[in-house]
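Engineer: The chain contents come next:
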Amino acid sequence: MIEGMTALYIFMLAAITGYEIIGRVPVILHTPLMSGSNFVHGIVLVGAMVAMGHAHAPLELVIGFIGVALAAGNAVGGYVVTERMLQMFKRSKGSN
Amino acid sequence: MDNLIQISYFIAAFLFIFGLKRMSSPVTARDGIVWAGVGMLVATLITFFYPGMENYLLMTAAIFVGGVAAFWSGKKVAMTDMPQMIALYNGMGGGAAAAIAAVELLQDDFHSQTFLTLAVLGALIGSMSFSGSLIAFAKLQGWLRRPLRFPGQQIFNIILFLFAAGFGALLITQGEISGTTIMIFFAAALAYGVMMALPIGGADMPVVISLFNALTGLAVAFEGFVLNNAAMIIAGTVVGSAGTLLTQLMARAMNRSISNVLFSSFGASGTTETDSVEGSMKPIDAVDAGVMMAFAERVIIIPGYGMAVAQAQHKIQELMTMLLARGVDVKFAIHPVAGRMPGHMNVLLAEANVPYERLYDLDEINPAFPQTDVALVIGANDVVNPMARTNPDSPIYGMPILNADQAKNVIVIKRGQGKGFSGVENALFYGDNTRMLYGDGQAMVGELIEAVKAL
Numbered sequence: 166m167i168e169g170m171t172a173l174y175i176f177m178l179a180a181i182t183g184y185e186i187i188g189r190v191p192v193i194l195h196t197p198l199m200s201g202s203n204f205v206h207g208i209v210l211v212g213a214m215v216a217m218g219h220a221h222a223p224l225e226l227v228i229g230f231i232g233v234a235l236a237a238g239n240a241v242g243g244y245v246v247t248e249r250m251l252q253m254f255k256r257s258k259g260s261n
Numbered sequence: 006m007d008n009l010i011q012i013s014y015f016i017a018a019f020l021f022i023f024g025l026k027r028m029s030s031p032v033t034a035r036d037g038i039v040w041a042g043v044g045m046l047v048a049t050l051i052t053f054f055y056p057g058m059e060n061y062l063l064m065t066a067a068i069f070v071g072g073v074a075a076f077w078s079g080k081k082v083a084m085t086d087m088p089q090m091i092a093l094y095n096g097m098g099g100g101a102a103a104a105i106a107a108v109e110l111l112q113d114d115f116h117s118q119t120f121l122t123l124a125v126l127g128a129l130i131g132s133m134s135f136s137g138s139l140i141a142f143a144k145l146q147g148w149l150r151r152p153l154r155f156p157g158q159q160i161f162n163i164i165l166f167l168f169a170a171g172f173g174a175l176l177i178t179q180g181e182i183s184g185t186t187i188m189i190f191f192a193a194a195l196a197y198g199v200m201m202a203l204p205i206g207g208a209d210m211p212v213v214i215s216l217f218n219a220l221t222g223l224a225v226a227f228e229g230f231v232l233n234n235a236a237m238i239i240a241g242t243v244v245g246s247a248g249t250l251l252t253q254l255m256a257r258a259m260n261r262s263i264s265n266v267l268f269s270s271f272g273a274s275g276t277t278e279t280d281s282v283e284g285s286m287k288p289i290d291a292v293d294a295g296v297m298m299a300f301a302e303r304v305i306i307i308p309g310y311g312m313a314v315a316q317a318q319h320k321i322q323e324l325m326t327m328l329l330a331r332g333v334d335v336k337f338a339i340h341p342v343a344g345r346m347p348g349h350m351n352v353l354l355a356e357a358n359v360p361y362e363r364l365y366d367l368d369e370i371n372p373a374f375p376q377t378d379v380a381l382v383i384g385a386n387d388v389v390n391p392m393a394r395t396n397p398d399s400p401i402y403g404m405p406i407l408n409a410d411q412a413k414n415v416i417v418i419k420r421g422q423g424k425g426f427s428g429v430e431n432a433l434f435y436g437d438n439t440r441m442l443y444g445d446g447q448a449m450v451g452e453l454i455e456a457v458k459a460l
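One line per chain: the protein sequences are A and B, in this order.
166 is the number of the first residue of the first sequence in my numbering; add one for each residue after it.
6 is the number of the first residue of the second sequence in my numbering; add one for each residue after it.
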């Protein structure tokens, strides 16, 4: 699995990837891109599900439930908002 | 099964990066979010088959509750309120990361000190992002009007942060993790997020939201390490670094550093003596302003947050169409930080069908102002304040601005005589070539349209 140095390598490469993606982005896409990256960290849902799935004590379960609900909100809300924003770039396709 | 799960996470991670890459170009942006969405769906569905999972019923209920609430609010919200929704959803992500850490800490089943440290770090950052984003949401929603500042605030915040970090360190070093320590740790981290966001003025919110977005990404990555989940590590880290760069770009557009945004009490100190402005504000009525524009050769429209608040973008589009029909050359000048986020104006104008190629950014449009007959400022303030060029004592000195004051005539649509979000007096409004059109943005543009139509 992912350990020690491997984890560090993944971390470094992913960080460089993120930096490169944003590097040459026109200003008009900053807001949609912030919204899009906001959606992407909605992947926290997966972690919240795993944490809740392994919870036993009532307190753990309650916190797990809140975590999953919040994460689902992040993912779904992030998607809907980004999608709506990007809808507006429809007509520019032909003219640019 | 385990292999299938890992492969699915791998695919999800790839789709996130691919999707974000597509989103970084206007032509491919729209399918970018769909690819990323597919990745999310794959990762979420496969997680139901994760080994040793229980509580499926409650879990599904939680997804349903959070998902439906977010879906409904995301669909319903007006385009102008998007920034605070991003803040809200981002805060939820941070909160979820903190919740994961809390569950893991309560179970106290860490394989190594490194995992424990990462869990605590993720919890600290996630909690800050959660409460801070909620404050940002409340501010942009207009629930919190004034930035809260008090003497010694920096010191207080530093102490609060050290307090939270100290209890975090206690959690890491203590052999036995106690419930009380966990509780104090989370309370302090949440309080720090609130205190960090409270003194920041509304004009700086885009930078702060972007920063919290990056922080949430980082928190997700840290919890990903703890859960040994590659999709979370990669997606979280990508967002963390992309968000950090985006934050820097935004701060640079305002000619300020991130630390300056976060830690300076902008516009709070007594700068009022130095920015006494000569002259007076001269009002104009909509009919005169409309005539002026109708007979102009070149018009530049400068939208700001006020246009978003007044929902005036559709009326602006109508006005543009009418002026174009009369042979007037109409351009839009978009300041990088006009509105509450970079690109905020572009999104709103795109929604109102203002064509792309009429939108110009700062460097493209500034040389055109001296040849412009009318510059129409609607709801913008600090981004057209010439004091950023002329007055070294002004808090916004050095910020790149749109040189609207160089146009032959300037019409400013403004609700009242108040100052901008930064609280700085605007010399443009007192210029000899400036006329003030007082009223609600949408109503006033409507009257301009009537005036042009009547000709």
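Read the hints as simulated data drawn from the structure, not as lab findings.
For every residue, glycine included, the Cβ atom is placed at its ideal position computed from N, Cα and C.
Some hints could be false.
[To be verified] Restraint-style ranges between C-beta atoms, simulated for each label pair:
#, chain 1, residue 1, chain 2, residue 2, range
1, A, 177, B, 50, 37 to 47 angstroms
2, A, 169, B, 369, 47 to 57 angstroms
3, B, 159, A, 177, 32 to 42 angstroms
4, A, 169, B, 159, 52 to 62 angstroms
5, B, 183, A, 177, 27 to 37 angstroms
6, B, 9, A, 169, 23 to 33 angstroms
7, B, 23, A, 174, 35 to 45 angstroms
8, B, 438, A, 178, 47 to 57 angstroms
9, A, 181, B, 413, 29 to 39 angstroms
Engineer: Hints first: check each against the structure and report whether it holds.
Structural biologist: Hint by hint, here is what the structure shows:
| no. | hint | verdict |
| --- | --- | --- |
| 1 | A:177 to B:50: 37 to 47 angstroms | 30 angstroms, violated |
| 2 | A:169 to B:369: 47 to 57 angstroms | 50 angstroms, holds |
| 3 | B:159 to A:177: 32 to 42 angstroms | 33 angstroms, holds |
| 4 | A:169 to B:159: 52 to 62 angstroms | 38 angstroms, violated |
| 5 | B:183 to A:177: 27 to 37 angstroms | 35 angstroms, holds |
| 6 | B:9 to A:169: 23 to 33 angstroms | 26 angstroms, holds |
| 7 | B:23 to A:174: 35 to 45 angstroms | 20 angstroms, violated |
| 8 | B:438 to A:178: 47 to 57 angstroms | 55 angstroms, holds |
| 9 | A:181 to B:413: 29 to 39 angstroms | 49 angstroms, violated |
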